[in-house]
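Asker: One letter stands for each residue in the lines below.
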Amino acid sequence: MSLLRTLINRSLNKPAIVTRFLCTAPSETTTPTDKQGGYAKAFTKFENLDSEQKVQEPIQTFASLLSNSKFVDLGDPEGKIVTGKIFHVIEDDLYIDFGWKFHCVCPRPKKNGQNYLRGAKVRLLIKDLELSSKFLGFEKDLTLLEADCVLLGLSQERQENKT
Amino acid sequence: MLSNKLIFTKHVKSCVKATYQCLSTVTQPLPTEKSVEETKETNILKHPDYFQVHNLFTVKDLFDARVHYGHKVGSLDERMLPFIYGSRMGHTIFDLDKTAQYLRHALNITAHIAYREGIILFLHRGAQNMHLVERTAKECGEYAHTRFWRGGIFTNADKQFGAVTRLPDLCIFLNTLNNVLLQHTAIRDAAKMAIATVGVVDSNCNPNLITYPVPGNDDSPAAIELYCKLFKAAILRGKEKKKEHLNQN
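If you read the protein sequences in the order shown, they are chains D and X. With the first sequence counted from 1, adding 688 to any position gets you this note's numbering. With the second sequence counted from 1, adding 78 to any position gets you this note's numbering.
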């Protein structure tokens with residue numbers, strides 16, 4: 689009986705180190721800003737704005753990054769419109785990268801053709817994200833390492849207000 | 079007389095005992111004195127991350143470089159299933175937590191081999207990123223082979239090059255498939271010649287023969303750029319540390 693009691697006492701007396709790390713300890717004294725008025729609060733906030741350290745981005749898990757990604761937002765890629773950037777031009781073929789694993793290759797359109805240069809932003813309609821299909825006699829698909837998109841035209845970009 | 083006999087027998091017994099001890103299998107090896115250099119070397123090797131390679135990248139960096147995109151489910155190799163998170167609309171997605179773990183391991187090995195003055199060979203088969211890989215190898219003072227692979231480069235080296243050749247100690251494959259989507263011959267040959275391999279394996283690749291596989295995308299230029307940057311940084315860290323230790327001595 690006494691042994692059980694000593695064991696219980698010992699477990700109670702031991703500081704809960706693990707829980708302390710997980711919880712936030714409440715401050716015992718009230719901070720001076722609690723008693724300040726609205727203007728004073730704003731003043732203290734903006735006083736040290738220049739020396740304020742950059743807020744470190746919270747470490748995101750892969751699962752959250754994926755679920756909030758644009759790829760997942762896309763849903764069924766067929767028929768969706770995306771913006772891409774031309775990264776290479778060979779005569780009339782435009783190599784366009786739109787943030788996916790593969791690029792797509794589109795022919796230069798006849799209207800406004802000379803404006804499609806390297807670095808131009810374009811709008812694309814996705815038909816297939818990867819040109820791969822099973823051929824007769826093979827177990828696995830054969831991939832062409834390319835996406836299939838229709839070039840809709842140049843995207844109009846509004847200038848961002850620089851502050 | 080009797081006492082002499084006793085002493086004699088005792089002596090014989092101790093001799094016999096001594097020989098028995100020498101011949102028997104000792105359960106624990108006798109401690110040998112190691113030199114200071116040897117202990118330092120073993121400490122470096124035993125350290126889980128001596129070159130701090132985990133600081134080189136985060137999971138977010140991998141995500142932004144599109145490392146998690148795999149091919150379509152139709153071209154998935156069953157041996158890659160342990161590394162796959164799942165599939166979205168028919169496209170496989172890599173589990174970046176696992177990729178990060180494997181990549182850290184690969185970078186650690188690379189840094190250790192660079193520290194011990196090993197030869198590192200970068201291999202890549204793909205016209206788009208071939209020049210980048212060659213440039214990366216040049217910048218970190220190592221070697222690259224991004225052209226057609228002749229049959230006996232590893233297995234028949236002395237005859238092919240005409241003189242006694244030293245083979246690489248580590249082969250880093252930035253993609254494991256060649257132009258016709260078959261496995262690169264160098265993977266099999268490196269395994270034959272007992273050369274360690276690090277390889278970026280995509281969802282349609284076979285990770286079996288690669289010593290340190292890194293499951294991830296090998297088709298986007300953004301992903302290849304990231305791998306080049308990371309391996310170069312790991313090699314340079316290893317070489318820097320070696321220089322530091324040589325200067326100390």
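Please keep in mind that the hints were generated in silico from the structure rather than gathered at the bench. Just so you know, these numbers come straight off a predicted model, no measurement behind them. Glycine included, every Cβ here is placed at the ideal spot set by N, Cα and C. There could be a bad hint or two in this list.
[Said to hold, decoys possible] To be clear about the criterion: a stretch of chain D counts as covered by chain X if any three or more of its residues have a C-beta under 8 angstroms from a C-beta of chain X, and this derived list gives those stretches: (1) 729-737; (2) 795-803; (3) 811-824; (4) 829-839.
Asker: Taking 8 angstroms as the C-beta cutoff, is the stated coverage of the region 829-839 of chain D by chain X satisfied by three or more residues?
Answerer: This one holds; 4 residues, not fewer than the three required, reach chain X with a Cβ under 8 angstroms.
Asker: At a Cβ distance under 8 angstroms, does chain X reach at least three residues of the region 795-803 of chain D?
Answerer: violated (count 0)
Asker: Taking beta carbons only, do three or more residues of the region 811-824 of chain D come closer than 8 angstroms to chain X?
Answerer: Result for this restraint: holds, n = 5.
Asker: In terms of beta carbon proximity below 8 angstroms, does the region 729-737 of chain D have 3 or more residues touching chain X?
Answerer: violated (count 0)
When the structure is compared with the earlier hints, violations turn up for hints 1, 2 and for no others.
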